[in-house]
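Asker: Sequence:
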Amino acid sequence: ELRKLDLYHIRVGVSSTGDAGSVRLGILLPDSQLDLHLVLSEAEQRMCALAYFFAELQQSGSTSGIVFDDPVSSLDHNHRTAVARRIVEESAVRQVIVFTHDAVFFGELNTLCGDAGRAPSVKSISYRAEGPGYIGAGLPYDMRRHRERIAQHRADHQKIAANFNNPTGDTE
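FYI, the numbering for the sequence shown is 37 to 208, going by this note's numbering.
A portion of the hints provided could be inaccurate.
Derived DEER-like restraints, expressed as beta-carbon distance ranges [as the list claims (entries may be wrong)]:
id, residue 1, residue 2, range
1, 42, 185, 32 to 38 Å
2, 103, 143, 27 to 33 Å
3, 130, 196, 20 to 26 Å
4, 192, 152, 31 to 37 Å
5, 147, 199, 38 to 44 Å
6, 100, 176, 38 to 44 Å
7, 140, 164, 22 to 28 Å
8, 94, 187, 41 to 47 Å
9, 77, 178, 36 to 42 Å
10, 199, 94, 54 to 60 Å
11, 78, 135, 15 to 21 Å
It is worth saying that the hints were derived from the structure and are not from the lab. On a predicted model such as this, the values are computed, not experimentally measured, just so you know. We treat Cβ as the ideally placed atom computed from N, Cα and C, and that holds for glycine.
Produce the entire structure from the sequences given, and follow the hints as far as they go.
Answerer: Next comes the structure, spelled out in structure tokens:
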């Protein structure tokens, strides 16, 4: 899994502590006496954690869906690409849901899905007059193309004009 995430320079093991029913796993650097955070960058630690997650997933034999919440925060573009590639690879086996604010990572995911012959279902979550958590189809407004934005404005204008020209009553 480390190689799949392009981490060829890191050699790690897994440490385990705790009692039955409460086991805590950690990353272990066999060739170092220093604490992990003194040797690996935050990005490398995150990548090791993702590699461990994917390894555990492979060992489980399960094909249940998985959810990632901004898996690439604090990662550089090279690591983002490797994570996107690994997520798309995993999507061949199971449903994968990815929440992200990172437009570049989102673009990487879409491109790699297209290259793999997969069509992702894109949804956006936003705050609207009805309140938070509105789920809309497609990209959020600020990520849409100019033509799509103009088309949305024209459709909204037609709805407003129809209501204005034909009021239904005093309460409206």
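Asker: Now look at each hint and say whether the structure bears it out.
Answerer: Hint by hint, here is what the structure shows:
Residue 42 and residue 185 have their C-beta atoms about 37 Å apart, which keeps the hinted 32 to 38 Å range intact. Distance hint check: the CB atoms of residue 103 and residue 143 are about 20 Å apart, inconsistent with the given range 27 to 33 Å. For the pair residue 130 and residue 196, the beta carbons lie near 44 Å from each other, so the given range of 20 to 26 Å is not met. The hint said 31 to 37 Å for the Cβ distance between residue 192 and residue 152, and at roughly 36 Å that hint holds.
For residue 147 and residue 199, the hinted distance range of 38 to 44 Å is satisfied, since their beta carbons lie about 41 Å from each other. Our hint of 38 to 44 Å for residue 100 and residue 176 is violated, since their Cβ atoms are close to 28 Å apart. Take residue 140 and residue 164: their Cβ atoms lie about 26 Å apart, and the range 22 to 28 Å holds. Distance hint for residue 94 and residue 187: a CB-CB separation of about 44 Å, consistent with the stated range 41 to 47 Å.
Here the CB-CB span from residue 77 to residue 178 is close to 31 Å, at odds with the stated 36 to 42 Å. At roughly 55 Å, the beta-carbon separation of residue 199 and residue 94 lies within the given 54 to 60 Å, and the hint holds. Distance hint check for residue 78 and residue 135: the Cβ-Cβ separation is about 20 Å, which falls inside the suggested range of 15 to 21 Å.
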